[in-house]
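Kindly generate the complete structure, drawing on both the sequences and the hints.
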Amino acid sequence: MAIALSARNIVKRYGATVALADASLDIHTGEVLALIGANGSGKSTLSKIMNGVVVRDGGQLRLDDHVVQFASPYAAKRMGISTVFQELSLVPQMTVAENIWLTHEPLKRGGLIDKQTLRRKTEELLALFAGTFSTKLEPDTPVGPLPPDEKQIIEILKAISVEPRVLILDEATASLDNRQVQRLFELVTQWKLQGQAIVFVSHRMDEIFQIGDRYSVLRNGTSVGEGVLSDRTRNDLVALMVQGATAANVVARTRPTAAELAAQNVQVDVMDLQAAGVHGVTFQLHAGELLGLGGLRGQGQHQLLLAMFGALPYTGRITIDRAPGHFTHPRQAMQRRLALVPGERASEGLLLRRSILENFLIPSWRDFGFPLRMGKARAVASNMARSLSLKMGGIDDPVSSLSGGNAQKVVIGKWLLRDPHVLMLDDPTKGIDVGAKAEFYKLLARLCDEGKSVLLYSSDDEELIGLCDRVLVMHDGKIRVELAGAALTKSHLVAASLGATQEELV
Amino acid sequence: MRQIRFPFVLWLFIVATLVNLFLQPDFLQPVTINSNLRVLLPLILVAVGQAIVILAGGIDISAGAIVSIVNAFLATRIGLNGDPGTATLMITLSLLAGMAVGAINGFFVASLRLQPIIMTYATSFLFGGLALLILPNPGGGMPSSFTKFYHDTMPLGVPLAFYVIALVMLAWYGLRQARYGRYLFAVGGKADAAFQTGVPVSLIQFSTYVISGLMAAFGGIALTLLTGSGNAQIGDSLTLSAITAVVIGGTALSGGTGGIGGAIIGAIVLGLFRNIVSFANIATWWQTFVNAAIIVLALAMPGLIRLLRRGNT
Numbered sequence: 019m020a021i022a023l024s025a026r027n028i029v030k031r032y033g034a035t036v037a038l039a040d041a042s043l044d045i046h047t048g049e050v051l052a053l054i055g056a057n058g059s060g061k062s063t064l065s066k067i068m069n070g071v072v073v074r075d076g077g078q079l080r081l082d083d084h085v086v087q088f089a090s091p092y093a094a095k096r097m098g099i100s101t102v103f104q105e106l107s108l109v110p111q112m113t114v115a116e117n118i119w120l121t122h123e124p125l126k127r128g129g130l131i132d133k134q135t136l137r138r139k140t141e142e143l144l145a146l147f148a149g150t151f152s153t154k155l156e157p158d159t160p161v162g163p164l165p166p167d168e169k170q171i172i173e174i175l176k177a178i179s180v181e182p183r184v185l186i187l188d189e190a191t192a193s194l195d196n197r198q199v200q201r202l203f204e205l206v207t208q209w210k211l212q213g214q215a216i217v218f219v220s221h222r223m224d225e226i227f228q229i230g231d232r233y234s235v236l237r238n239g240t241s242v243g244e245g246v247l248s249d250r251t252r253n254d255l256v257a258l259m260v261q262g263a264t265a266a267n268v269v270a271r272t273r274p275t276a277a278e279l280a281a282q283n284v285q286v287d288v289m290d291l292q293a294a295g296v297h298g299v300t301f302q303l304h305a306g307e308l309l310g311l312g313g314l315r316g317q318g319q320h321q322l323l324l325a326m327f328g329a330l331p332y333t334g335r336i337t338i339d340r341a342p343g344h345f346t347h348p349r350q351a352m353q354r355r356l357a358l359v360p361g362e363r364a365s366e367g368l369l370l371r372r373s374i375l376e377n378f379l380i381p382s383w384r385d386f387g388f389p390l391r392m393g394k395a396r397a398v399a400s401n402m403a404r405s406l407s408l409k410m411g412g413i414d415d416p417v418s419s420l421s422g423g424n425a426q427k428v429v430i431g432k433w434l435l436r437d438p439h440v441l442m443l444d445d446p447t448k449g450i451d452v453g454a455k456a457e458f459y460k461l462l463a464r465l466c467d468e469g470k471s472v473l474l475y476s477s478d479d480e481e482l483i484g485l486c487d488r489v490l491v492m493h494d495g496k497i498r499v500e501l502a503g504a505a506l507t508k509s510h511l512v513a514a515s516l517g518a519t520q521e522e523l524v
Numbered sequence: 010m011r012q013i014r015f016p017f018v019l020w021l022f023i024v025a026t027l028v029n030l031f032l033q034p035d036f037l038q039p040v041t042i043n044s045n046l047r048v049l050l051p052l053i054l055v056a057v058g059q060a061i062v063i064l065a066g067g068i069d070i071s072a073g074a075i076v077s078i079v080n081a082f083l084a085t086r087i088g089l090n091g092d093p094g095t096a097t098l099m100i101t102l103s104l105l106a107g108m109a110v111g112a113i114n115g116f117f118v119a120s121l122r123l124q125p126i127i128m129t130y131a132t133s134f135l136f137g138g139l140a141l142l143i144l145p146n147p148g149g150g151m152p153s154s155f156t157k158f159y160h161d162t163m164p165l166g167v168p169l170a171f172y173v174i175a176l177v178m179l180a181w182y183g184l185r186q187a188r189y190g191r192y193l194f195a196v197g198g199k200a201d202a203a204f205q206t207g208v209p210v211s212l213i214q215f216s217t218y219v220i221s222g223l224m225a226a227f228g229g230i231a232l233t234l235l236t237g238s239g240n241a242q243i244g245d246s247l248t249l250s251a252i253t254a255v256v257i258g259g260t261a262l263s264g265g266t267g268g269i270g271g272a273i274i275g276a277i278v279l280g281l282f283r284n285i286v287s288f289a290n291i292a293t294w295w296q297t298f299v300n301a302a303i304i305v306l307a308l309a310m311p312g313l314i315r316l317l318r319r320g321n322t
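Residue numbers (this note's numbering), protein chains in the order written: chain A, 19 to 524; chain B, 10 to 322.
Among the hints, erroneous ones may be present.
[Said to hold, decoys possible] Sample of chain B residues facing chain A (criterion: CB under 10 Å; computed from the structure):
id, residue
1, 91
2, 185
3, 188
4, 191
5, 195
6, 261
7, 318
These aren't lab readings, by the way, just hints derived from the structure by calculation. Built from N, CA and C at the ideal position, the CB exists for glycine as well.
In structure tokens form, the structure reads like this:
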């Protein structure tokens, strides 16, 4: 197979930080190359150098054995390199069709946009993912209000609409549910046969082994290994990524039995909760319990958490610590010692340009009097950073200087400072690397051991199985199945996600 | 997001028209419409240029000063006894000058990536100073035959301004149907995403300031034809009025949503407000206050409606 795109000894620095020290990569036509590495290892930077978004400081890019220099994303795109960006490159105010065809709109003679062709071609593209959308998706639907999975699909369609020779998928499956991922993989297989070269950047090992042909591992900006995936096991790759450390997918934690849990206080009792997207949910959360919420993406899990936190109007009864609570504003939920850690940490949970200290203390400044007792504030924030083993330059550094996993710890830390009894998490490990995840799991386990209740929604099945005491599988706004103990297996979880009932499973 | 509901600015337009009609029964006579529109045309043209800058996520505080430059230039170079030949040349030159000073703004904002609001505020003094250099004291002007032509020409019984507005709308429609229009919305909507997609972001931003300069020059020409005289500070008040017109017209200051049509109607609504205040026999010293109060209310209305709706649920 011919080498389509080759990167040799790429170097990229941002000030004193070296993002890429020595990265090399060969992408062959008709294959899927899995580019893997822990967060901060330089995967995204390397992708952005290959597609012209970032200009490299050293090294060489060769396309079909010619040295190339991309001055802009446009130049790379014209040479047939197209990217599905992790953070998406969609303009929220524009429609599906306008976004997909931006910069390569079909034109009529005279330079005007050919709307009929535009519409037809958009419908053809949307048909590739037909049946996996939860909303009605039309070419002239505005992109802004769409759920994350559908935005992700539009981003994918946008990248393939230029009929690229090299397609870079940077965490393209992070927001997708199972069905959508499988559809994408069918398509990738098809594109491979048509001779496209595909770079697949992902944290999900399952997917890497399912779709990848070869792999290339980055560690701290340096390429540390490449080869054929079928020769390798999951642990081999993880070992390469984290060097020495073994991956702990499952946290060693003595899980309380059903009887032990029942003996504990019921911390939260939810009765027939209804809200937009939630159609009657009833469950109990005990003190010290780690309760999982599973299911396909967009089955009401997000809305359930928002409603419980008072951020979404609802009907139904919520009892917290044996006293009724009806929240119309998150402030009231916070007073009752509830905390919600949002999933979109960049947009919902953090002020990226402000310091770690400030981010920790935003919800708790009132505890520090007037004028603010900064000495005490620094001590409190530093203690929290230590107990979370936050990897940072200093407490005054901006949050934007942290890696994804560490930034997520700041979001959790700021709520822990308010000493919540109930911690709700909305897909917190999305896009976090293996090492940071393991640490994060330990943190959750510790909180439960301290008697706090955790309600965890995750799109990562293994995480739910490895970590939770019980998992409630949601489907279409209802709890379809409850899995616990021996019944909590991956096959059950997947089957329940796809609509199997309790009776069919147990 | 596309606005599917009836645009707010049209409600304002209808209400303002009805009140005007009540105060001034001959309001819908072609002659009255003509006299209203010829006064408003300079503002409309400046607002159109401003709308394009704002759509792409910028702002042009210097537009009024560009109007002043053009007014000072035409008043001194054509003069009260100027002949049509000189006038044509000078008008052409003033359009080029408008684009040139617009390009200066574009260079600072798009190429050097400086804050548009600060940068064009600074250049507004630069341009205002230039206008004062050209015409230190009010004076000069245009032959009365020119102003008469601007005031009274109504081809086929329709005011001249209608034709100008129609031409502008036609040009805008063309832009919207071409890639340029898409680029404009993409840059204003989310510049990072547009850049990653391969949109020439800086070039688009640059071009919007050139367009704003050009439209301000057109506005300056119309204003000089309207007044027939020169005054180096004549354009100053147009900047904020134009921005107000754009915002009332439904274009978000954050960029990415809105359009030219809204800005034009917004400018007309501002003019109708002013009419109401002057026809309602409001004492002179109250006029500025009442006019401003109406504008504040009009700007706040969409937000107030949202607040009330939220309170009900």
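Taking the hints in turn, this is what the structure says about them:
1. 91: With a minimum Cβ separation of about 39 Å from chain A (threshold 10 Å), the hint on residue 91 (chain B) is violated.
2. 185: Status holds, d = 9 Å.
3. 188: Given a least distance of 6 Å, the restraint on residue 188 (chain B) holds.
4. 191: holds (6 Å)
5. 195: holds (5 Å)
6. 261: Holds, about 9 Å.
7. 318: violated (13 Å)
Checked against the numbered hints above, the structure violates hints 1, 7; every other hint is satisfied.
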